[in-house]
Amino acid sequence: GENVEQHPSTLSVQEGDSAVIKCTYSDSASNYFPWYKQELGKGPQLIIDIRSNVGEKKDQRIAVTLNKTAKHFSLHITETQPEDSAVYFCAASKGTYKYIFGTGTRLKVLA
Amino acid sequence: NAGVTQTPKFQVLKTGQSMTLQCAQDMNHNSMYWYRQDPGMGLRLIYYSASEGTTDKGEVPNGYNVSRLNKREFSLRLESAAPSQTSVYFCASSEVDGYTFGSGTRLTVV
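In order, the protein sequence lines correspond to chains Z and W. Note that our numbering numbers the first sequence so that position 46 is 52, with each residue one more than the last. Note that our numbering numbers the second sequence so that position 41 is 77, with each residue one more than the last.
It is worth saying that the hints were derived from the structure and are not from the lab. Please read all numbers here as calculations on a predicted model, not as lab measurements. Please note that a few of the clues may not be correct.
Stated by the list, open to error - Using C-beta positions, here's what the derived DEER-type ranges look like:
#: 1; chain 1: Z; residue 1: GLY61; chain 2: W; residue 2: VAL48; range: 43 to 51 angstroms
#: 2; chain 1: Z; residue 1: VAL26; chain 2: W; residue 2: GLY52; range: 45 to 53 angstroms
#: 3; chain 1: Z; residue 1: GLY7; chain 2: W; residue 2: GLN53; range: 28 to 36 angstroms
#: 4; chain 1: Z; residue 1: GLN87; chain 2: W; residue 2: ASP133; range: 38 to 46 angstroms
#: 5; chain 1: W; residue 1: GLY99; chain 2: Z; residue 2: GLU21; range: 19 to 27 angstroms
#: 6; chain 1: W; residue 1: ARG113; chain 2: Z; residue 2: GLN87; range: 25 to 33 angstroms
#: 7; chain 1: Z; residue 1: LEU46; chain 2: W; residue 2: GLU95; range: 21 to 29 angstroms
#: 8; chain 1: W; residue 1: GLY52; chain 2: Z; residue 2: ASN59; range: 49 to 57 angstroms
#: 9; chain 1: Z; residue 1: THR102; chain 2: W; residue 2: VAL146; range: 36 to 44 angstroms
#: 10; chain 1: W; residue 1: SER116; chain 2: Z; residue 2: GLN66; range: 47 to 55 angstroms
#: 11; chain 1: W; residue 1: ASN64; chain 2: Z; residue 2: ALA35; range: 40 to 48 angstroms
#: 12; chain 1: Z; residue 1: ASN37; chain 2: W; residue 2: GLY52; range: 39 to 47 angstroms
From the three backbone atoms N, C-alpha and C, an ideal C-beta is built for every residue, glycine too.
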């Protein structure tokens, strides 16, 4: 069945460095790719998304890139700060209403 | 500005007991969802409701039932809880793109 692979599962970076999280999807019909940030004890929160007709989208320090041919998309966080420490999930749309989620990346920003 | 509200936040059940997890959203969203989150497995869809009056199975529906009570409320019922249902449960709602998630219910079945 369709799945989304996410790497790495854990990532530690020094404050101020960049972090990159990568996802690969299998369903060629997927056309919407959101990213979620989950802080400890809270629900996931949408931080950025991209549609299949766009190759890159940026919002301040975060950006997402999409390569439809290779079926992979990535989250880029620049100038990382301690408050960026969280678990990040990628997802790919499956039909109109559903998403398939990756297994998550635990990001630690070291001060 | 509540968003998606889930109750309870924590629950311990004995094997075989039943319970209902409640979810309500105040954003007038049409679609609502129930996910479970287990370590190393990400978020898996249990059931969803594309619009008021409809419900459909997701990836892992066995052992669960749902009710879309009205546009605002979507409940998840465990009829006979099993230890395999120990998890964190998230309700979400959406209108077009992206979900708004609740803060979760941590359920332990002993």
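- prompt: Between GLY52(W) and ASN59(Z), is the Cβ distance one that fits in 49 to 57 angstroms?
  reply: Distance hint for GLY52(W), ASN59(Z) holds at roughly 51 angstroms.
- prompt: For the pair THR102(Z) and VAL146(W), does the Cβ-Cβ distance stay inside 36 to 44 angstroms?
  reply: With Cβ atoms ~39 angstroms apart, the hint holds.
message: Is 45 to 53 angstroms respected by the C-beta to C-beta distance linking VAL26(Z) and GLY52(W)?
response: holds (47 angstroms)
- prompt: Regarding GLN87(Z) and ASP133(W), is the given constraint of 38 to 46 angstroms on their beta-carbon distance met?
  reply: violated (27 angstroms)
message: Does the beta carbon distance between SER116(W) and GLN66(Z) stay inside 47 to 55 angstroms, or does it fall outside?
response: This hint holds: roughly 48 angstroms between Cβ atoms.
field: Distance restraint hint 28 to 36 angstroms, applied to the beta-carbon atoms of GLY7(Z) and GLN53(W)
entry: holds (32 angstroms)
query: Quick one: are ASN37(Z) and GLY52(W) within 39 to 47 angstroms, going by C-beta?
result: Holds - the Cβ-Cβ distance for ASN37(Z) and GLY52(W), about 43 angstroms, lies within 39 to 47 angstroms.
query: Has the hinted range 43 to 51 angstroms been met by the Cβ atoms of GLY61(Z) and VAL48(W)?
result: holds (48 angstroms)
query: Measuring from beta carbon to beta carbon, are GLY99(W) and GLU21(Z) in 19 to 27 angstroms?
result: violated (44 angstroms)
task: Look at the Cβ atoms of ARG113(W) and GLN87(Z) and judge whether their distance stays inside 25 to 33 angstroms.
output: violated (42 angstroms)
message: If I claimed the Cβ atoms of ASN64(W) and ALA35(Z) lie 40 to 48 angstroms apart, would that claim hold in this structure?
response: The hint (40 to 48 angstroms, Cβ to Cβ) is violated, given that ASN64(W) and ALA35(Z) are roughly 28 angstroms apart.
- prompt: Okay, LEU46(Z) versus GLU95(W) on CB: inside 21 to 29 angstroms?
  reply: Because 25 angstroms falls inside the window, the suggested range holds.
Going down the numbered hints, you'll see the structure goes against 4, 5, 6 and 11, while the others check out.
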